[in-house]
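Protein chains in written order, with my numbering: chain A, 1 to 343; chain B, 1 to 338; chain C, 1 to 298.
If you are wondering where the hints come from, they were derived from the structure by calculation, not from laboratory data.
The reader is advised that the hints may include incorrect statements.
Unchecked claim - Example chain C residues on the side facing chain A (calculated, C-beta under 8 angstroms, incomplete): (1) 91; (2) 181; (3) 184; (4) 185; (5) 187; (6) 192; (7) 193; (8) 198; (9) 200; (10) 203; (11) 293; (12) 294.
What the hints assert, rightly or not - DSSO-like, lysine-lysine: derived pairs with alpha carbons at most 27 angstroms apart: (13) 139/B to 245/A; (14) 96/B to 139/B; (15) 152/A to 57/C; (16) 282/B to 226/A; (17) 181/C to 152/A; (18) 226/A to 281/B.
Glycine included, each C-beta is placed from N, C-alpha and C at the ideal position.
Residue strings, one per chain:
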Amino acid sequence: MGGPLVELKDVCVTFGGDGLFRKRRGVEAVVNVNWQLAEGEILALVGESGCGKTTLGRVVTGLQKPTSGQMLYRGRDIWAMDRSDWREYRLGVQIVHQDSFAALNPVCTILHSLSAPLHRHGLARSGADARQKAAELLTTMGLMPPEMFLDKYPHQLSGGQRQRVVLARALAVHPRVIVADEPVSMVDVSLRLALLNLMASLNEQFGITFIYITHDLATARYFAQKGRIAVMYLGQLVELGPLGKVLEHPRHPYLQALLTAVPVPDPDVARQHQELPLRSLDLPDPSNAPPGCRFHTRCPYWEEVCAREIPPLELIEEGHYVACHLVRSIPSWHLLSVKRPSP
Amino acid sequence: MKPELTSTSDSKQDKQPLLSVRDLVVEYSIRQGTLRAVDRASLDVHPGEVMAVVGESGCGKSTLAYSIIRQVPYPGEIKGGDIYFDGREVLDLDRKALRQFRWKEIAIIFQAAQNTLNPVMRIADQMIDTVLDHEKQSKEQIIQKAGILLERVRLDPNRVLHSYPFELSGGMRQRVIIALSLLLNPRMLILDEPTTALDVVTQVYILDILADIRHDLGLTMMLLTHDIAIVARVADRVAVMYAGQIVEEGAINDIFYRPRHPYTYGLIHSAPSLVGDLMKKKPIEGAPPNLLNVPTGCRFHPRCAYATSVCQEKEPVMEATGRWRVACHHWREIERGE
Amino acid sequence: MSVMTTTAGIQRFWRRSILEPLTIIWRNKRAFAGFLILLFFFLMATVGPEVIPLDMKSRYAERFQPPSRAHVLGTDYAGRDVWALIVHGSRDVLFVAFLAALFTIAIGVTVGMLAGLRGGMTDTLLMILTNAILTVPSFPVMLIIGSVLEVRNAITFGAVLSIWAWGGLARATRSQVLSLKEREFIEAARVLGLGTFHIIFKELLPNIMPYVTISFLTTMRGAITASVGLMLLGLMPFSAKNWGMMMNMAMMQSGAIYLPYALSYVLAPMGAIVLLQLGAVFFASGLDEVLDPRLRAT
């Protein structure tokens, strides 16, 4: 089967625009996004809050209809599919939310939450069969013995356990793509790595494609080590490429600033005072976004053309795309790393 | 005369600590039983230092901080121990003295403080209110001081003073809260997760502002967080808490480059980072314990790779060398092995 | 829903649906007391009339007698046993109240859910209707409807009582649906392809249930009061064993309030209503715990 699994073509999402107290123009949450996702890959979608990454995730899962543009699954527009294609899509793309407590029905037991999709889609033949399949799913997620969890309610589990249940539920319908929106940010720090490792093993074992949405570049680097990274700013996709290369040699000024800002758990590195290469520190109002390249108001390299035209996403080197008019004239930049004195 | 916490072989520390907590015990009486949120915690913070208290949710760091200003939420109660601020026993202060103590000597910035601003009052009015609650000053004086502080946190007073909180962004509101807490010239600032809910760029900005304030005003700070990375940037000393107990405490370089408690080691090596070898990252097994039912002996033993039978039976005693201490049966092996 | 065929399945069903709720109620002493009171009235309404004979023959010589061994609560203005009257009257009163509550819940929840889920024009129109219902006072409307319509049986009576009473419930249901609609578990259900029907009945409704059930009890109480009131005003077919009628006769028509030894006759129907309401309130406090697992002690 050729062609990408998931494709976004010129997707734009605009919210509001004609409320009584809102500006007529509305908020352009996502502007002209184009990308493709291959089967079995891991893509980290990063950006600060308000950049549109969650909205984009919702477009991929079909919860948000694009105002213009298309969301294609296996080459077909999901908003114009026939019933059998839609069914394949519906089961094929699943979501894992940030808040595991809100993602589970509080009055249903874990068993109930897991067996509902099994019954609905004919994946279990009876109540007993569903119970067994649910137990298997929990075991795959490392929640053992499963009997201890099946009859409990969500509030009786810890955050990390709940998130595993949510993952198990998404897995129940044998998806091809899982969109994980900040899956570890509400989980205790010492448990995050284990959860990310679990997700990585699902990718290796079952070939499930992951879209990992986060604002935390450090976890993105860990989870998508062998995958790609897409960086968004105020609704625009500004850089896209293999994660290792992009993080080592970021070409877009926004990503460079972001990497300077991310705190590093190493005192010697962290204390090297690096000036943030930004003209202004505050994010512009999304409903009144700057014209042209939305980053130009904060960009230290900006020129006139940046305020006039939106830069297109161009191919700079193998697989590495950047949306910047001045990408070739910006000085090369890489993350400083200091060699620690060995003990 | 309170016992010394660490052996004072370090001559730089002849100054008395500004804040001294000794064997603090705080318990919550809930329906299911008694929960000991803080178990015999002891801590010293010297003037001008930034002490970071690191631990995950439920480790007791917030409870510890609120105990210092005696604002432990119901049904929590301080059941034992002492808290000395500048030599005075905080737990003995009467109501009037306590009011003076809070905000004038120590100010606290709560978690997600951006949301604690009164949404229907202008910033200027909130500042005036805060000061008038504690001292008599004229409005002009207060506004003038507020203006200076707002500039210190890199905000434009003309724009901010007349605004309502909803007109400002999260980062701006956080900066307003910092300015508000400095209005009465406190000697110490306690910050509970000051940078959660803020994006990375604003985070760095706030941390820089805090560093400046500390440098210019000689402020002492206690920073509570679960994020090791921001600790690396601003802290002088780090105290690591687990399940209500302080398990390791020391200078920043000691903690990061020579951690001796397995939990500290685990925290540092399980934190994903932008630099460094990803292959060396290892998760910590298991999960934090239910405080109603803590493991016997060392509380960390069920998750510890170095645990032996003694760890299950006996609680480790705090051992100290210089200005560093740890509570672990096997810390020497860990220091040698790693 | 598949049938539980294995013994483990039956065991689990017994534990979840019968034993657990009963244990929870039992642990909460107030709720248990309420449960017993309601059980008492339930038995009174269903089994009572079969067990306790009612002699409707007037014996004026025995009227207004104080409580005695022969007549536990004394006699009424026509010498009839008050206790028997109460027992027999309970059936009608409770049945009407039950029906009224049922209709009210059905209309209120449906309106609230439709408005909350559909939004837009449907929501606006339904809310206009609901607001009208809420603004115009219900009792006068019921009076008018009662006097215009022929109320002969319990079902019509129940319908009359419910027609103007569903406004508050509709509004509350709508608010709950609006807030639940955007919750992540509903989104997850949509992404899992569970379908609108499932979402409404298996995800939304169980979360609204606590409110609905407690509303049911409150509405029953209101219906009893309203029906008694309507009876009191003579708008419903006269029946001496109806509690409302008993109160009417006792207070206004037979002069019983002037006779101290007829106290039991005056107080009995009132006492029955108060006790029933109390039982409902107490029971409701425990019901919350049964329906919402988060509130349980474990």
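How the hints compare with the structure:
no. : hint           : result
1   : 91             : 34 angstroms, violated
2   : 181            : 12 angstroms, violated
3   : 184            : 4 angstroms, holds
4   : 185            : 5 angstroms, holds
5   : 187            : 6 angstroms, holds
6   : 192            : 5 angstroms, holds
7   : 193            : 4 angstroms, holds
8   : 198            : 7 angstroms, holds
9   : 200            : 13 angstroms, violated
10  : 203            : 6 angstroms, holds
11  : 293            : 4 angstroms, holds
12  : 294            : 5 angstroms, holds
13  : 139/B to 245/A : 57 angstroms, violated
14  : 96/B to 139/B  : 24 angstroms, holds
15  : 152/A to 57/C  : 60 angstroms, violated
16  : 282/B to 226/A : 18 angstroms, holds
17  : 181/C to 152/A : 24 angstroms, holds
18  : 226/A to 281/B : 15 angstroms, holds
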